[in-house]
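Top line first, the protein sequences correspond to chains A and B. Quick note: the first sequence uses this note's numbering, first residue 357, plus one each step. Quick note: the second sequence uses this note's numbering, first residue 20, plus one each step.
Don't read these hints as lab results, they were simulated from the structure. Warning: the hint list may mix true and false statements.
For lysine to aspartate or glutamate, the following EDC-like pairs were computed, each having C-alpha atoms within a straight-line distance of at most 20 Å [stated by the list, open to error]:
1) 152(B) with 383(A)
2) 519(A) with 533(A)
3) 152(B) with 130(B)
4) 153(B) with 435(A)
5) 152(B) with 542(A)
6) 153(B) with 383(A)
Residues on chain B that point at chain A, a partial pick, calculated with CB under 7 Å [stated by the list, open to error]:
7) 33
8) 139
9) 141
10) 144
11) 145
12) 148
13) 150
14) 235
Computed spacing ranges between beta-carbons, pair by pair [unchecked claim]:
15) 65(B) with 484(A): 54 to 64 Å
16) 458(A) with 271(B): 33 to 43 Å
17) 535(A) with 61(B): 35 to 45 Å
18) 237(B) with 581(A): 39 to 49 Å
19) 476(A) with 65(B): 28 to 38 Å
20) 592(A) with 31(B): 51 to 61 Å
The beta-carbon is built from N, C-alpha and C at its ideal position, and this holds for glycine as well.
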Amino acid sequence: MTGPGLEAPVIQVKDVVKSYGDNVVLDGISFQVRRGETKIIIGASGSGKSTILKLVMGLETPDDGQIWIENQEITGLSEQNLTKVRAKIGMVFQESALFDSLSVRDNVAFQLHEMRMHDDEVEARVRENLGFVGLLDAIDKYPSELSGGMKRRVAIARALASKPEIIFYDEPTAGLDPITSRKINELIIALRDMNGVTGVFVTHRMRDAFTLASQYAESVDGKVEFRREGQLLCIANTRFLMLRSGKVIFEGPDEVLRRSQDSYIKHFLE
Amino acid sequence: MPFTPKAAVKEVQELSILAARAFFRAFRRPFYVRDILEQMDRIGVGSVVVVMLTGFFTGSVLTLQSAKSLSAFGAKGLTGRLVAISLVRELGPVLSALMLAGRVGSGIASELGSMVVTEQINAMRALGTDPVKKLVVPRIIATTTMLPLLTIVANTIGLLGGLFIAVYVLLINGNVYMSSAWDGLEYVDVFGGLLKPLVFGAVVSIVGCHCGLRTHGGTQGVGQSTTQAVVAASILILFFNLILTRMFWPPS
Numbered sequence: 357m358t359g360p361g362l363e364a365p366v367i368q369v370k371d372v373v374k375s376y377g378d379n380v381v382l383d384g385i386s387f388q389v390r391r392g393e394t395k396i397i398i399g400a401s402g403s404g405k406s407t408i409l410k411l412v413m414g415l416e417t418p419d420d421g422q423i424w425i426e427n428q429e430i431t432g433l434s435e436q437n438l439t440k441v442r443a444k445i446g447m448v449f450q451e452s453a454l455f456d457s458l459s460v461r462d463n464v465a466f467q468l469h470e471m472r473m474h475d476d477e478v479e480a481r482v483r484e485n486l487g488f489v490g491l492l493d494a495i496d497k498y499p500s501e502l503s504g505g506m507k508r509r510v511a512i513a514r515a516l517a518s519k520p521e522i523i524f525y526d527e528p529t530a531g532l533d534p535i536t537s538r539k540i541n542e543l544i545i546a547l548r549d550m551n552g553v554t555g556v557f558v559t560h561r562m563r564d565a566f567t568l569a570s571q572y573a574e575s576v577d578g579k580v581e582f583r584r585e586g587q588l589l590c591i592a593n594t595r596f597l598m599l600r601s602g603k604v605i606f607e608g609p610d611e612v613l614r615r616s617q618d619s620y621i622k623h624f625l626e
Numbered sequence: 020m021p022f023t024p025k026a027a028v029k030e031v032q033e034l035s036i037l038a039a040r041a042f043f044r045a046f047r048r049p050f051y052v053r054d055i056l057e058q059m060d061r062i063g064v065g066s067v068v069v070v071m072l073t074g075f076f077t078g079s080v081l082t083l084q085s086a087k088s089l090s091a092f093g094a095k096g097l098t099g100r101l102v103a104i105s106l107v108r109e110l111g112p113v114l115s116a117l118m119l120a121g122r123v124g125s126g127i128a129s130e131l132g133s134m135v136v137t138e139q140i141n142a143m144r145a146l147g148t149d150p151v152k153k154l155v156v157p158r159i160i161a162t163t164t165m166l167p168l169l170t171i172v173a174n175t176i177g178l179l180g181g182l183f184i185a186v187y188v189l190l191i192n193g194n195v196y197m198s199s200a201w202d203g204l205e206y207v208d209v210f211g212g213l214l215k216p217l218v219f220g221a222v223v224s225i226v227g228c229h230c231g232l233r234t235h236g237g238t239q240g241v242g243q244s245t246t247q248a249v250v251a252a253s254i255l256i257l258f259f260n261l262i263l264t265r266m267f268w269p270p271s
């Protein structure tokens, strides 16, 4: 295994500009995400957080700048070639975006069917992922029968179905109560620490962001337990990126972010 | 959106691009056979009753009116011929297509529109599936194959409705009505009468998909797309009908 810094970043974004009409949403954004790292993108609503995910996913094209995923430049790729790149990435959408005409089983199996996987294998994979998010009971339900929190968990199971190495979370806890949010956050921490998944987590809720940055999962006698970082152990695989009107105003770990003297950041953290 | 010539040209251009994309991708793997069959069931089988009612009432009315006009010339016996020609050439294809524009075109636009608004289309792309192949192509194939069949149903029921009116209301001999209807039709009528719904089916589905996929602005946007799909498809059906009629039945 190569040490950190030796390996090329999994995601590299360079000088990306994106505007809708006259509204400049991203104004020269650059950042990198290393393998196994979770990048938390924070910022006020409308600061272009979700747009970054859509650009990196290739769902939209930047006006200027370049984006690489695992050494492959995706800017300017055809829709067909983009499909191959997207297969490496799982995405959890803001409002879950489950296919409401399909059952929970078929939602999670969607990509597996596309990959022409054998039916038995699909069923096993669907059960494995629904088990991971704790929703095996809901396998035959339809999205309209699920609560908001359950929908997000199905969306996570769907994003995990093809075992992607990279997962994007677009405000996965927005509009959820604290207990449900906690469950979602624990799933994300477990994926990061137990499975080594590279993640990009977009949120405007600082409480969730700091939970991710200060807690870790470890396996105790085969059970996953969540612990808070202490004096001796500091979580190094989670870093913040803060946006303000289309520009990066902070990049680094939570300890530095908390000590920031910038008045906007201080105001935001309160 | 204000209706200007420039907007109209842009609209036609976008429709053509979507049509071309759908056409070329339809021949590339994967083929979504299950989705095509499902859409055929929803669009074709689901529209049978509406189309039957349309055919029945149109055939009946046509018979009443034709008989009235023809009896002025003492040619009441030719009623079947006039009804058959009008139905097979014009009213069967056009009215079935207009019914489908209302029922299927609006359905497609609102379904795809809601999928855009709730990011299901983006989710589909993120999961590595091309929405044009998975959603647009099956709908176009289903509508273009089903509308000719539905038109045959409408024509048949229309003629039978006409027969019913002719026999029980106008007291015309049923055999006279049917044989004059049969004699009136030529091969070009049948061929042209079936090519029309093929074109109309493509129009309804492509317009529906296009309006649905370019939806923006939440629930209100879905409503707008639906309305636009029905209006645009209906106008285009009437336009293409004029062109096709001129092509198949040129003035002598």
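Hint by hint, here is what the structure shows:
1. Note on residue 152(B) and residue 383(A): the hinted pairing is violated, with a Cα-Cα distance of about 34 Å set against a maximum of 20 Å.
2. Distance hint between residue 519(A) and residue 533(A) is unfulfilled; the C-alpha atoms sit about 28 Å from each other, more than 20 Å.
3. With a C-alpha separation of about 16 Å, the suggested pair residue 152(B) and residue 130(B) falls inside the 20 Å cut-off, and the hint holds.
4. Between residue 153(B) and residue 435(A), the direct Cα distance comes to roughly 14 Å. Compliance with the 20 Å bound is thereby established for this hinted pair.
5. Of the supplied pair hints, the one linking residue 152(B) and residue 542(A) is violated, its CA atoms being roughly 37 Å apart against a limit of 20 Å.
6. The suggested pairing of residue 153(B) with residue 383(A) is violated, with an alpha-carbon distance near 35 Å, which exceeds 20 Å.
7. Because the beta carbon of residue 33(B) sits about 17 Å from the nearest beta carbon in chain A, more than 7 Å, this interface hint is broken.
8. For residue 139(B), the shortest C-beta to C-beta distance to chain A is roughly 5 Å, which falls under 7 Å, so the interface hint holds.
9. Proximity of residue 141(B) to chain A holds as hinted, the smallest CB-CB distance being about 5 Å (cut-off 7 Å).
10. At its closest, the beta carbon of residue 144(B) sits 6 Å from a beta carbon of chain A; the interface hint therefore holds under the 7 Å criterion.
11. Checking residue 145(B) against chain A: minimum C-beta separation of about 4 Å stays under 7 Å; hint holds.
12. The beta carbon of residue 148(B) is positioned within 7 Å of a beta carbon in chain A (closest approach about 5 Å), and the interface hint is therefore held.
13. Taken as an interface hint, residue 150(B) does not check out: its beta carbon lies about 10 Å from the nearest beta carbon of chain A, beyond 7 Å.
14. Evaluation of the residue 235(B) hint against chain A yields a violated restraint, the C-beta minimum of about 11 Å exceeding 7 Å.
15. Range check, residue 65(B) to residue 484(A): Cβ separation about 37 Å, and the 54 to 64 Å hint is violated.
16. Taking 33 to 43 Å as the suggested C-beta distance range, the pair residue 458(A) and residue 271(B) does not conform, at roughly 56 Å.
17. Checked against the hint of 35 to 45 Å, the C-beta distance between residue 535(A) and residue 61(B) comes to roughly 41 Å, which is consistent with it.
18. For the pair residue 237(B) and residue 581(A), the beta carbons lie near 42 Å from each other, so the given range of 39 to 49 Å is met.
19. Taking the beta carbon of each, residue 476(A) and residue 65(B) are about 34 Å apart, inside 28 to 38 Å as hinted.
20. At roughly 57 Å, the beta-carbon separation of residue 592(A) and residue 31(B) lies within the given 51 to 61 Å, and the hint holds.
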